[in-house]
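The listed protein sequences correspond, in order, to chains A and B. Position 195, counted from 1, in the first sequence is what the numbering used here calls 186; the numbers after and before it change by one each time, with no gaps. With positions in the second sequence counted from 1, the corresponding number in the numbering used here is that position plus 53.
Simulated from the structure, these hints should not be mistaken for laboratory data. Incorrect hints may appear among the rest.
So, partial list: chain A residues that the calculated Cβ filter (under 7 Å) puts toward chain B [as the list claims (entries may be wrong)]:
#, residue
1, Ala67
2, Phe101
3, Ser108
4, Arg109
5, Ser147
6, Thr149
7, Tyr152
8, Gln153
9, Val176
10, Glu202
11, Gly229
12, Thr271
13, Glu275
14, Ala278
15, Leu281
All C-beta atoms in this analysis are idealised placements derived from N, C-alpha and C, irrespective of residue type, glycine included.
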Amino acid sequence: MSIYIDASTRLLVQGLTGAQGRFHGLRNRASGTNLVAGVTPGKGGTDVEGVPIFDSVAQAVAATGANTSMVFVPPAFAADGILEAAAEPGIDLIVAITEGIPAHDEARVFNYLKQTSRVALIGPNCPGVISPGKCNVGITPHEITLPGSVGVVSRSGTLTYQAIHELTQRGIGQSTCVGIGGDPVPGTSFVDVLQRFQADPETAAVVMIGEIGGSAEEEAARFIRDHLTKPVVGYIAGVTAPAGKKMGHAGAIISGSSGTAQAKQAALREAGVTVVDDPTLLGEAVAKLL
Amino acid sequence: MDLFEFQGKSLFARAGIPVPAGRVARTAEEARSAAAELGGVVVVKAQVQVGGRGKAGGIKVAKDPEEAFAHASTILGMDIKGHTVRLVWVERASDIAAEYYVSFTLDRAARKHLAMVSARGGMDIEAVARETPDALARMHIDPVIGLTAWQASELVYRAGLDRPTARKSAAMLQALYRAVVDLDCDLVEVNPLIKTSSGDIVALDAKVTLDGNAFFRHPEFESFREAFTPDPIEEMARQRDLNFIKLEGSVGIIGNGAGLVMSTLDVVSLVGGRAANFLDVGGGAGAETISNALDVLTHDPSVRSVLINIFGGITRCDLVAQGIAEAIAQRTLPWPIVVRLDGTNATEGRAILAGIQSDRVHPSATMRAAAERAVELAR
């Protein structure tokens, strides 16, 4: 049993008929994920390469027993898509890939879900979650992964791949890799994922990738210090990023000294994390700890 | 998007929040006629997207149009923390009885909005927060419910705002929060919010940051850009949907994903070089995007070599390689390109690179090796 997803995952994709949803949904299926349905209002009754399309999440769940939804809906409708999936009791995990959702929509959705639902939301603006050899819900290229015992959690999509690649190159496999996304209000935080890695018997060590802005890494450092018994290797991107400049992610804004790469590295080191200053050194650092 | 004060005030006026009457002026002559139209004493205020303009001499009171002309002449062209003043806002002077501070923003740690209110407006609010934290009332707002009447009232009384006008101030807080939500603002800060001697509550300043992700709901916000004077290369990149920031070095950087690009800047610096820019092509970039990105860098004379660092997820390496091939076929690029491709369709992408008939392209197997090569080629 890996965290979030495994062989029992029955995936539906909201937006499977769009170009991105189709490409990645079918890639997930090709890597062994049980893709059972797609949802696009108005296209119910059609299919994408044999995957049935429904007009609503409720219909898709009733017909296929889907328990996980991946959201590929455009930004203007993505918040509504997440709420639709959350309203269906059969769904217990939502992975929102969509980039560019308005911050107010995200804040409303996060707080509403927290108050009304037990569903887990990963993302938005994230690469999703992959348990190598078992299941892939997202856009992480499964070819670069290797089944194993290192958990990876990251705020940045492409840096997640970089970290996985460095591990795989050294023959170090991964239990589950979770991209939590770089937006200001992610559905799942570092702490949420670290908690699951700590409880997961298949995870022996953790790689954590952070970046400048916000205080999520500092919160993670406190959690690691107080609750994590497994070894952690960390990397923070943005050491040379100019202060006060916005670097693409709404999340990556330096806000006071607590948001700087240096402050985050220091907090992680104090919590006993091995911090590397070059992502290509992640594999070597993990190898030393295992 | 950070707005100028006058743009923020136009949004406030639209949302029914009282602001003083005023006019924008591009020249001292325009400032003089603005003062004449408004009549009486006016304030001439530098329009810059940075704080601290009062201390820098960017805000002056003028008792008549001639004085407004003189102040505008001094303020226009002035440099305030690296920002050149190109516009002034001339507004009717207010009769100030009390100055307050109000702001609404997202508290990322709490994942809720945060209201901050103080009776000590008009001064450095960070110093107030540091030295007398109790003078700054803070309250989290549940984004699902919004700022309730009791919360607005509690903020007003806790911050110690004037009691006889407490209801008006609380109503103002609710109106401001509604504007934050309706206009999709990341930040609204009013310093000072004033009480006039006749007991009216008026926004004397407006710092507004709009959420660019929400512009599909407010297409008219695009026109705010007309008042900006962006860097020409940054503007070219923006029009092509590329996330570009000019930096000081000589290694041009193109990558996918803000995290990987930031990390690339760090690794270039670790191996002894300096990045000329931050350029994120975003997720799912096709051949045209890559070709556009290379084109943008040709307009920066400080670039000596280019490092393309792609780890494909939603982005496909074959399309990236195609974009490089197209850019090279279309024009002579002035510098060597080091390319590192991994992830989705990397094998196909590397094959396309190998087929490019040019000594300008240097494929590289790892991020570190690519950074080293690019730094060496920039020397």
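* Asked: Can you give the numbers of the hints that this structure goes against, from lowest to highest?
  -> 3, 4, 13, 14, 15
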